[in-house]
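Those protein sequences? They're chains V and X, same order as listed.
Each number in our numbering corresponds to the 1-based position in the first sequence with 6 added.
Each number in our numbering corresponds to the 1-based position in the second sequence with 2 added.
For the record, the hints were derived by calculation from the structure and aren't laboratory data.
Hints are not guaranteed to be accurate.
Derived lysine-lysine pairs resembling DSS-like cross-links, with alpha carbons at most 27 Å apart [unchecked claim]:
(1) X:K124 - V:K144
(2) V:K99 - V:K146
(3) V:K65 - X:K171
(4) X:K10 - V:K41
(5) X:K49 - V:K65
(6) V:K90 - V:K31
(7) V:K140 - X:K10
(8) X:K78 - V:K65
(9) V:K102 - V:K31
(10) V:K65 - X:K54
(11) V:K90 - V:K104
(12) X:K78 - X:K12
(13) V:K65 - X:K10
(14) V:K144 - V:K65
(15) V:K65 - V:K99
(16) X:K42 - X:K58
(17) V:K96 - V:K65
So the derived list for chain V, only partly shown, Cβ under 10 Å to chain X, looks like this [as the list claims (entries may be wrong)]:
(18) Y63
(19) Y85
(20) Y87
(21) K99
(22) K104
(23) L106
(24) H118
(25) L119
Remember, predicted model here, so these are calculated numbers, not experimental data.
Think of the CB as a built atom: it goes at the ideal place given N, C-alpha and C, for glycine as much as any other residue.
If you want the building blocks of each chain, they are given just below.
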Amino acid sequence: MPLDKNQRGIDLLCEVVGRRIDVEKVFSDEIILKKLCVESGGHIRDFLRLVRYACRYSKGDEIDENAANRAISALSMEYDYRVKDADINKLVKVEKEKRLPSDMEYAHLPYHLLVLEYRTSEGEKWASVNPLVKRLSKFKEAYNGN
Amino acid sequence: MATELSVKGKNEFEDLSRALEWSDEFAIYFAVINPTLIRKQMADELKGSLEKAKIKVHSLELNSSYFDLVSIIPEKVPSYCLRGAETVIRSVLFIFGAEEAIAADVDTRRLFFDCLNWQRDKLRENIACPLVIWLPEFALRILALEAPDFWAWRSGVYYLEPEPVGTLKDAKELLMGVTSEYDVLTYQEKIKNLFC
Numbered sequence: 007m008p009l010d011k012n013q014r015g016i017d018l019l020c021e022v023v024g025r026r027i028d029v030e031k032v033f034s035d036e037i038i039l040k041k042l043c044v045e046s047g048g049h050i051r052d053f054l055r056l057v058r059y060a061c062r063y064s065k066g067d068e069i070d071e072n073a074a075n076r077a078i079s080a081l082s083m084e085y086d087y088r089v090k091d092a093d094i095n096k097l098v099k100v101e102k103e104k105r106l107p108s109d110m111e112y113a114h115l116p117y118h119l120l121v122l123e124y125r126t127s128e129g130e131k132w133a134s135v136n137p138l139v140k141r142l143s144k145f146k147e148a149y150n151g152n
Numbered sequence: 003m004a005t006e007l008s009v010k011g012k013n014e015f016e017d018l019s020r021a022l023e024w025s026d027e028f029a030i031y032f033a034v035i036n037p038t039l040i041r042k043q044m045a046d047e048l049k050g051s052l053e054k055a056k057i058k059v060h061s062l063e064l065n066s067s068y069f070d071l072v073s074i075i076p077e078k079v080p081s082y083c084l085r086g087a088e089t090v091i092r093s094v095l096f097i098f099g100a101e102e103a104i105a106a107d108v109d110t111r112r113l114f115f116d117c118l119n120w121q122r123d124k125l126r127e128n129i130a131c132p133l134v135i136w137l138p139e140f141a142l143r144i145l146a147l148e149a150p151d152f153w154a155w156r157s158g159v160y161y162l163e164p165e166p167v168g169t170l171k172d173a174k175e176l177l178m179g180v181t182s183e184y185d186v187l188t189y190q191e192k193i194k195n196l197f198c
C-alpha cells in the first residue's frame with residue numbers, strides 16, 4: 007500500500023461524524039467532510055475539532071467549502087504555537103524520509119502531534135508531518151528551501 | 003456590542019458569546035486579547051451579554067502565587083458552577099491572570115503548567131460549566147507548548163483583536179506626556195506589566 011491516503015480509514019472517520027449528525031444535511035457536499043478528515047491527518051480529536059470549527063465559521067445552514075477552509079486555517083494557526091524554530095529542520099527531515107528517527111531529539115514531535123505515525127497494511131511504520139503543520143509558511147519555506 | 007474591537011475581533015466575540023450560550027457542560031475556551039484594559043472591558047461586555055441570556059458569570063483572578071485551580075475552585079467558586087449542585091443554574095467561569103504565573107520565574111511557571119496538565123481530569127470532574135481563560139497571545143503560545151495535555155482539551159480559541167486605531171490612541175496619549183499610573187512603577191514592575 008502506498009504511503010498515502012487510506013480510503014478505509016477516511017470512511018471510518020467520516021462514519022464517526024455520520025453517526026452523530028446527518029452529513030447530507032449539515033455539509034453542502036460530502037467531499038468537504040472528507041477534506042476535513044484528510045487535513046486532520048486521521049487524528050480523531052483534531053478531526054472533530056475541525057468539524058466543530060467549520061460549524062463556527064459557517065454562515066448559513068450548511069457547512070460549505072469556505073467554512074471548512076477557515077476551520078483548517080484556524081487550526082493550522084493553533085499548531086503554529088507548537089512549532090519551535092529549532093524543530094523546523096527536524097520536521098523537514100521527517101517529511102522527506104517519511105520516518106521518525108529513533109532519537110530523543112525527535113521524541114517530542116509525535117507527542118505534540120507535529121508528526122503523525124501510521125502503519126501500512128503490511129504493518130510497517132511510517133511517519134509524516136501533520137497536514138495542519140505542513141500548511142505553515144515556516145514549514146513550507148524550509149521544506150522547499152532544503 | 004464590543005466597540006473597541008476590529009471587525010474580525012467583533013466576529014470572534016460574537017462567536018464566543020454564541021458558543022457559551024450553547025454550551026452547558028465543562029469546556030475550555032481561550033479568549034486572546036493583548037491590551038489588559040480592553041481584555042477586562044471585553045470580559046465585562048461578554049458577562050453582560052451572557053447575563054441577559056440568564057447565564058451567570060463568575061470570575062477568578064490568578065497570579066504568580068495563586069494558580070492551583072483544583073485547590074482554589076472549591077473555595078472561591080459558587081456551588082452552581084460545580085457538579086452535584088442542588089440547584090442547576092447555567093453558568094460560565096472566567097479565569098484571568100494566567101499570564102502572571104506564566105511570566106513568573108521558571109519554577110513557578112513549571113508548577114503552573116504541571117497543575118494544568120495533571121489536574122485536567124480533576125477540573126472536569128469538579129466543574130460543571132464552561133471555562134473562559136482570558137490571556138494575551140504570548141501566554142497562549144507558551145501554554146500551548148508547555149501544557150499540551152490541557153491545551154489538547156480546548157474547545158475553541160477566540161482572538162479578540164482590538165481596533166488598531168484605539169491602540170494607537172492609547173499609545174499617543176502615553177507619548178504626549180500625560181501622567182500615567184505607570185510613571186510611579188519601578189523598572190521591574192514595568193517589565194512585569196509588559197507581560198500583562
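Verification of the supplied hints:
no.: 1; hint: X:K124 - V:K144; verdict: violated, 37 Å
no.: 2; hint: V:K99 - V:K146; verdict: holds, 13 Å
no.: 3; hint: V:K65 - X:K171; verdict: violated, 33 Å
no.: 4; hint: X:K10 - V:K41; verdict: holds, 25 Å
no.: 5; hint: X:K49 - V:K65; verdict: holds, 25 Å
no.: 6; hint: V:K90 - V:K31; verdict: violated, 40 Å
no.: 7; hint: V:K140 - X:K10; verdict: holds, 25 Å
no.: 8; hint: X:K78 - V:K65; verdict: violated, 39 Å
no.: 9; hint: V:K102 - V:K31; verdict: violated, 40 Å
no.: 10; hint: V:K65 - X:K54; verdict: holds, 24 Å
no.: 11; hint: V:K90 - V:K104; verdict: holds, 20 Å
no.: 12; hint: X:K78 - X:K12; verdict: violated, 31 Å
no.: 13; hint: V:K65 - X:K10; verdict: holds, 14 Å
no.: 14; hint: V:K144 - V:K65; verdict: violated, 30 Å
no.: 15; hint: V:K65 - V:K99; verdict: violated, 40 Å
no.: 16; hint: X:K42 - X:K58; verdict: holds, 17 Å
no.: 17; hint: V:K96 - V:K65; verdict: violated, 39 Å
no.: 18; hint: Y63; verdict: holds, 8 Å
no.: 19; hint: Y85; verdict: holds, 9 Å
no.: 20; hint: Y87; verdict: holds, 4 Å
no.: 21; hint: K99; verdict: violated, 21 Å
no.: 22; hint: K104; verdict: violated, 24 Å
no.: 23; hint: L106; verdict: violated, 18 Å
no.: 24; hint: H118; verdict: holds, 6 Å
no.: 25; hint: L119; verdict: holds, 8 Å
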